[in-house]
Amino acid sequence: MMNKLLVFQSDFGLVDGAVAAMYGVAFEVDENLRAYNLTHDIPPYNIWEASYRLFQAMEYWPEDTVFVSVVDPGVGSVRKSVVVKTVNNQYVVTPDNGTLTHLKKYVGISEIREIEETRHRRKDTEHSYTFHGRDVYAFTGAKLASGIIGFEDVGNKFSVNSIVELEMGDVEVTNNSIKGTIDILDVRFGSLWTNISREDFTKLGFQFGEKVEVIIRNGARTIYNNRITYGKSFADVYISEQIIYVNSLYRMAIAINQGNFAKAYNISTDPSWTVEFKRLNNNI
Amino acid sequence: MMNKLLVFQSDFGLVDGAVAAMYGVAFEVDENLRAYNLTHDIPPYNIWEASYRLFQAMEYWPEDTVFVSVVDPGVGSVRKSVVVKTVNNQYVVTPDNGTLTHLKKYVGISEIREIEETRHRRKDTEHSYTFHGRDVYAFTGAKLASGIIGFEDVGNKFSVNSIVELEMGDVEVTNNSIKGTIDILDVRFGSLWTNISREDFTKLGFQFGEKVEVIIRNGARTIYNNRITYGKSFADVYISEQIIYVNSLYRMAIAINQGNFAKAYNISTDPSWTVEFKRLNNNI
Amino acid sequence: MMNKLLVFQSDFGLVDGAVAAMYGVAFEVDENLRAYNLTHDIPPYNIWEASYRLFQAMEYWPEDTVFVSVVDPGVGSVRKSVVVKTVNNQYVVTPDNGTLTHLKKYVGISEIREIEETRHRRKDTEHSYTFHGRDVYAFTGAKLASGIIGFEDVGNKFSVNSIVELEMGDVEVTNNSIKGTIDILDVRFGSLWTNISREDFTKLGFQFGEKVEVIIRNGARTIYNNRITYGKSFADVYISEQIIYVNSLYRMAIAINQGNFAKAYNISTDPSWTVEFKRLNNNI
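Chains as they are written, first to last, in my numbering: chain A, 5 to 288; chain B, 5 to 288; chain C, 5 to 288.
Keep in mind that the hints were calculated from the coordinates and are not lab data.
To spell it out: a stretch of chain C is covered by chain A in this simulated footprint if at least three of its residues, at any positions, have a beta carbon under 8 angstroms from a beta carbon of chain A; those stretches are:
{"#": "1", "segment": "16-27"}
{"#": "2", "segment": "30-44"}
{"#": "3", "segment": "66-79"}
We put the beta carbon where it would ideally sit given N, CA and C, even for glycine.
Isolated chain A (complex conformation) (with noise of 0.2 angstroms):
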């Protein structure tokens, strides 16, 4: 028996009807779901930013939670429109085109389907293109998160092995250092998030109050190298001052006491972006 929550995140913004018509939608399938704004201020076409925000919410939401995500800069080419069940039994309702990173290879997907659009479309919609969002991925996500349909009779499953994936950074150890990538930027507060995990951190043995080299890189170049204290929260550091802190995923961050890091040194989230975090040379 499904919850009917139903959440939404896309890349259209809340300037204009192009949300509420989702809304709509959903009520018009069945006016008892309880409908909500994952977010959808998602950079046009920033298909990996979709990813990292499913990541970053679904998981403090009750089980059989249905998602829709629409960025779907490839709308109307070969892209598949599917629905996967998660480990924890969620579902989501998305283009895969990349979306599914996040979940795939730190969640974990047990089954994906894909949407049998001429079973799953709103009907009288065949001639509007593009806007999927409305006429197939909430219409699809409605009707799963009422129980009209079940996940099976959303279409044939394939295998999650295929499930489009975009290139991630990777994680390099050594004896006094950890290297990876800036996944995304805390935006409102200019915080760097990196994919540097909490245990993988701490396996080097950093401690609270300890400082620690970092090295920012944009390729080849070096763009910031400094000493930043490793603190359990802001307030272990004076405000203005920089720190090193674990972010609500379990992940290392920089930021400064309410300043703002990003803006400070100009620093972008390209997946040549590099977060070098080295254990203090002793005779420096």
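With the hints as your guide, set chains B and C onto chain A.
What follows is chains B and C alone, placed relative to chain A:
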């Protein structure tokens, strides 16, 4: 029996407590109302966009849904506060200031009533003249959506013909061209949405894959003149190539695939802007 | 019996998954909660605005509604995490860092309790120190709103007098003038909202239609000195003319009808800005 769905739009933005105050008032009327946003990012005072957004979103919602629209630069002046019932049995609570322009022209309004404010204004709010959104519109919309009052209780009806309309662009058709206006920008993606319907456009015989001459003028001045492919979806053109396509309102639109047409060519949406699609001259 | 209404505000913005994570946690506690946003666009770290927004919106919501406010620059430091009950029988879950300033002064707080985090923190989150919004505040607010815990179960109570307060501006009255501070900007429309109540203003005898001398100072420096009409609503002045009016909080405000006063005169909202309304000297 009303479905208790209540949908708000305004030019308030979501940055302060104004929208939340309207929601609160709705729940004070009936805690079981189900309230959602259309958008609150209509540019300040932009009645034309308020009208367009209702048109863009309402048809996807169930019958009986009540919409409250508050874009009200004339608050305190002689404009009426009204509730309309559309031919689709949906309701809109709004100032009668042109917000009903597109609904009147493209959807159809069956009946309009002026809100009897002495009866439908939150008590003790007689001294606040600038926040009708909360004290009259949200309050009346909530009472209607909950079933506490019926549409006939709102106030006296008057002639649908006298509903205030903003000036709309015309569509001019010749043997080999069709000219209309730029209704709105798909803000996020920089696409131009015209008032030219898919039917009128295709009557000229344009086929998918065909190049069409496009002339955009601001008044008499030509801003843009080029040939653009008419495609089924963005996938039919290369990334960064331009495309004419059918948008989610079944009207013709122009975009750059994964670019931003409006910014690239510095286009705006003023009634003096026109878009003309012409059959290519075979001699050229 | 709680009404299950849970309202969130924060400085997180809506651009990522942070707010959605708080919603998810709430629904994990009780799927039947009804969750809404006050605003998440409080400028980062701006406790004063967090306080003001609660004040702006809470009174319009039903009794028993639980509000969760997360503007927490001091996360991890010695500030308390608390739940208050107001004289209107509403609840606020927040850091005790000044967020309760306006509620304490203008509404009234009957009781305050410190959250016993060992009991009211989501399990297995002991290592995330930076996301109390999700792991303590949303979680505790949800348990309270659902009725799973009562207010007395939150933790020990302490004296309302010791609630942290930010410095507020005073209002100074003379025979022919009243001077106060700029509490906040109505961001969207560029209006200035002062801390001067309608009662205090009208005691000076100002009438609708009367011109009032207005002096805006930043510290000792005069920024603006002109005569503005006191109007009932924007309709009482010409478009682009200035107006003094009573805002939705029954306090005096200044705007340009369909313009943006704050931008026009480069005003800000720092405690050093003052606004003085003076009776026009009849000799001038």
